[in-house]
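Keeping their order, the protein sequence lines are chains F and L.
If you're matching positions, the first sequence starts at 25 in our numbering and goes up one per residue.
If you're matching positions, the second sequence starts at 5 in our numbering and goes up one per residue.
Hints were generated in silico from the structure; no laboratory data involved.
Check the hints yourself; a few may be wrong.
Claimed, not checked - Ranges between beta-carbon positions, derived for each pair:
hint	chain 1	residue 1	chain 2	residue 2	range
1	F	ASP1123	L	PRO118	32 to 40 Å
2	L	LEU36	F	HIS621	27 to 35 Å
3	F	HIS621	L	ASP99	23 to 31 Å
All residues carry an ideal CB built from backbone N, CA and C; glycine is no exception.
What follows is each chain in one-letter form.
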Amino acid sequence: MSAIPSTRPDKAAPVTATMDGNTAAAYVAYRVNEVCAIYPITPSSTMAELADEWAAAGIPNIWGGVPVVQEMQSEGGAAGTVHGALQSGALTTTFTSSQGLLLMLPNMFKIAGELTPTVFHVAARAVATQALSIFGDHSDVMATRASGFAMLSSASVQEAHDLALIAQAATLKSRVPFMHFFDGFRTSHELNKLTLIADPDIRAMIRDDHVRAHRARALTPERPVMRGTAHNPDTFFQAREAANPFYAATPIIVERAMARFKALTGRGYRLFEYHGPADAESVIVLLGSAAEVARDTAQFLKGALGVLQVRLYRPFSVQHFLAALPASVRAIAVLDRTKEPGATGEPLYLDVITTLAQALASGERATMPRVIGGRYGLSSKEFTPAMAKAVFEELAKQAPRNGFTIGINDDVSGTSLAYDPSFDIEPDSVIRAVFYGLGSDGTVGANKNSVKILAEDDDRFAQGYFVYDSHKSGAQTVSHLRFGPEPIQAPYLIAQASFVACHQFAFLDRVDVLSLAGTGATFLLNCPYSAEEAWSHLPRSVQQEIIDKQLRLYVIDASQVARDTGLGGLINTVLQSCFFAISGVLPRDEAIQRIKHMIEKTYGRKGAGVVEKNYAAVDHTLEHLHEVTVPATATSLLERPPIVPASAPAFVRDFTAIVMAGRGDGLPVSAMPVDGTFPLGTAAWEKRNIADSVPIWDQELCIQCGQCSIACPHSVIRARFFEAERLTDAAPATFKAAPVNARGYPDSRFTLQIYVEECTGCGICVEVCPAISASVPDQKAINMAAKAPVLEAERENIVFFETLPVNDRALVDFANVRGVQFLEPLFEFSGACAGCGETPYLRLLSQLFGDRLQIANATGCSSIYGGNLPVTPWTTNRDGRGPAWSNSLFEDNAEFGLGFRLAADMHGALAARLLRQLAPQLGEALVEAILSAPQIRESDIATQRQRVAELRRRLASMGEAPLVLDLLSVIDHLLRRSIWLVGGDGWAYDIDYGGLDHVMASGRDVNVLVLDTEVYSNTGGQASKATPIGAVAKFAAAGKRTARKDLGLQTIAYGNVYVAQVAIGANPQHTLLAFREAEAWPGPSLILAYSHCIAHGFDLRFGMRQQDLATASGYWPLFRFNPAMRSVGEAPFRLDSPRPHIPMQDYAYNELRYRSLASSRPAEAAELLATAQASVMEKYRQYETLARRDGSRFQPDAPAIKG
Amino acid sequence: MLALGADSSPEASSYFPSAAAYNAGPDGYLDLIVRARAALEIPVIASLNGSTVVGWVDHAGLIQEAGASALELNIYRVASGAAVTGPEAESDCVDLVRAVRARITIPLAVKLHPHFSAFGALARNLHQVGADGLVLFNRLYQPDIDLVRLRWYNDVALSTAQDIRLGLLWLSVLSGRTPRLSLAAGTGVEDAPEVIRYLLAGADAVMTTASLLRHGPDHLSGMLARLREWLEARKFSSVAAIQGLLRDTHPDAEAHQRHAYVDSLIGYRGPYVPGDVGASTRLAGLV
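Please work from the sequences and hints to get the whole structure.
Spelled out as structure tokens, the structure:
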């Protein structure tokens, strides 16, 4: 557990620590509160997680009590709980970001209106607009500035720690609630060294009389009052103005709290902190981490340049602002990290303008400086010294631009300022190191460790910031580490590194890893070749860059060293040792001692054996680390291959490939879609090649059952049948095929093509393959083997495979798994975790209904691997048809999807009406056929498509009459649209449960697919109401104590909703049946799909087996409630899996989420397991009872609403 | 496994609460010792499983500090390397015991498998470097082969009462021959009869796991009651009265054991094929 707040009575010796901004803020927030109402949202989740863990571990607050930490169903719920706890007198806090903050907004108005002291700690993040972004800017906090909350801004990790306390002290005194915010990711996730506030100082800042006063205002029946009344026009306005004196007093209260804080800790802050000469002429006004950048740049540039950093933004103290701003200033640039479309300027700019204008009007100031406003840093866009310099330069111009942008190239509206990216202000005393690694190779973890260990020295400061790509498998990470003798206040990425490490040799082909290397830097390359051979294996451009920048090149075969020393695939210790040895961060011998010390500290708990192995790895590393003599010229014949081939579509070449190459920052505004609309089918161009081993098909053994194909999470196993005569000489020699093993196809061949470049190597296909060799041990019809030897051949095979015709859907049996393998997936090659349990369902959905599918996708894993740039796995068929996909929010997806249905119903009816009106011209027979067509089976759909095509032809000959044009505008709706609402359990069980319930009660024809991982997977495994009893999850660190919600049973209660619970690994045939029945049911449908997940803690290769065990144990019974069964006199509830026949433990204890509790709290785990087992048995009995009921024993089914 | 997926995504630096790591691994075992000592009045003997000197010897010290009354050092090593000689395998065991002894002061028992060429000398050597007792025996993990799937079949096959004979043999031979070396027997103890047999052969202590796994913890009290019944029926005043009663006291145990072996073969009467006199005849011919 990281950074547990501890009681440290000794305030004489300041204690330093290295932590991120979230931890720094939560450390204080937890200590000074009694109740935390929480909900996860990136990038604030860590604060809530820490609070929950500290509470689970019994860590007390400064009053000796352990705070109550309560996870809620949404941020709206958290805010309500906060409000209630405050009204009842508890010191209460919450942590949030972005949409979460917006969901809290109604309560924020209430809390402020009632003058209730609290501090909300916010990791500021972009609000989703044309796209979602998890990254940092101020659009969320600025959207709440009318709420009445005071707004206090921190610019660094130290400030996030200190101002968290100052905010708490000030809110208690002023009664005005505070929002304490800092930059999402840049501050929330930056590791930096800070001085911790000693407990006595925390205690001294929080006055007991203020706490008691807060309690005294609480609701109590002993002295009853009422709040939350309703007013009429006669009194509301005056009441709204009654609190003004409290706001007027707040700036002084904050100022005094800051002064008191300084007296206690020595660290001083001001409401508006001016940095620069007293006679500055040009000043930048801004808030947040960028203030550090602007300040240091101004100091570097020397001259009459100043920076005014805003800390208390609301209430905005005109008096303090004017006092802080030098009278000499002639030009001011106000920088906002948010955008307010259509406004005369962004919020801070408007405040500065107003303040200065009022001062001028009142005579307080004699002149009005020129004030320009600009936007920077949206969604964590870098704000660098080079950009700050450009802003100062703009200010110096005769006619500086207002409404400018900095950091992008706006070639559409011409707002952007030019800047020189090579401008650098960092002193040589700072060692700057950049590491390229994989998420899975431990690079980031090792670097976090390095930062923490090296910053332990009194005379060294360190900073770590980590950049990830958006894939959940094979993700590339870039670590930016700084070490120096002074505190490091450089909240921007390293541009001129003195040390660059590339931990994956394959990156050299894809990424310009040396672009960040400064002249004379050291380059460490993990390289499978010897020091003698290495040079010749480098791409020419890499060689040239090494020569041009005069880099020192070191190589090591880290994988070999790790294997030799028994560390297996863990290369992080080896490469970390190299960094210590050659980066110059410490003298070499001392560095080696330090890394051994670090190993002992890190691995000591895992036993001395692990320590010994790592020690050996360090020693072995130094023997195998070699410097390469760099030749004078680049001689390599290897060129870096293009990111995408020339045959890629223009958008992929001109946009997607740029982003894939890590050069998206350079894309101009004109390259962007104006409204967030993107084409499909881009994942196929990525060719990530992340797997070392891939499945190899054995056509002799294969029984062509389709199990591998339906289980594959990444859609890399493609089956086709084709006429034997197509196997001409054009077929590559290694192309495999076998006679179709069903009767009646003597001249047909079956093939299974593995898309090896897209495979993640998860191995699920091998585990589900039922065909076993009778003579070769462990041989199946599909087996994992090294990719490298087959890569070239398989590329050719894929080219040939794609020349084979896509199987005619009319010839495929949709009713069984064997048939479905021939349906083209329109969801392919997602960046989901290797072995993901969700994606097989989405692939199946796309195979069955993809060409008429419209998806409302709730925010979560599926929206990230489904729609996070640079690519999307959703794609089109050869006719250009495919799933139309959109993500609205996390909290509204059910309603969003219902909107799809309502529009489709409306436009379907409009099309029918127009069709009838035009029937005389179009032909009555065609019109009648279209309007009366059954559209359930695939053959029905195919026939209707032909009719609609004929209709289009006829309409084309009818000119441009309004009715014709109108009909053409809605003609798509004559084909029955398959509308699916997709999301995880966090969406369905928690945050949008109310919406989902309402949609289920609407009677409308929508289909809901819940990808049920039983936790909030995307944000890191927090408990949802789907989390089972006894499982450990974040926010349930001591094991969940309540049963999983039976959403299926709740929904069945409506009587007219199709409900199925499926597990594709337990019974894929059942899953297939449920999908088809749900789609065919003309009312609402709900499918709960068991989705194994990385957050369950087991090797996902065995994911399908775990699903099977879940069903075998009775934990996850398979069932279908089909209201349509009533019409044929059948019982609507079918229990489709057998009675529990293995103990719950045999399923559950394969997973760390259950097992870890058995290690940490064995007695409680045993008790919870017994309860879980009893619950499973009882649940099954309930279902058996339902299965015995005939249709009359369920809620009667009213007719579905017709569009 | 706790680190699965960690530090790979901007949204999730991990997928488990860090508290989930508490007490997992060695720390959890130490905690168990602490809790067991607190809950029990009887001595708590900890067990430490290892095979080489490197790596985990320090843990023995931690176990002692956690309050264990004694330590069973379980040396599990299948010396399968062709380069490892019998004497080397034995001296490795001795080195290991010496290393552990150097870290702890509590009684130390050593659990070994029986597949050493001269167990008597090994037992003596182990005793000399600090082993206070031996636990007879470790059963090597013995996988089976699944003929359908053509793969090794890994499972735990619990010992049965049929498995006590090897232990009986070595107990009877070792018992009393190395003074102050305590001997515990621990294979195939299903119920009181096996306890009695081991005691008669010379065991100082008898251990059972399989029977408790089969029948649950309450089985222990039944077993003790049946032991008591037997002792009373035979008028033995205590366990001590039968302990080592049937140990091999022959001055030349080796010759004595071989003689017993020959007797057993000669006396063999095949259980199957009535009327076939071949089995015993053939066996008699062999000897």
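Outcome of the hint check:
In this structure the supplied range 32 to 40 Å holds for ASP1123(F) paired with PRO118(L), their Cβ-Cβ distance being about 36 Å. Separated by about 29 Å at the C-beta atoms, LEU36(L) and HIS621(F) satisfy the suggested range of 27 to 35 Å. Separation of HIS621(F) from ASP99(L) is about 28 Å and conforms to the stated range, judged on CB atoms against 23 to 31 Å.
In the structure shown, no violation is registered for any of the earlier numbered hints.
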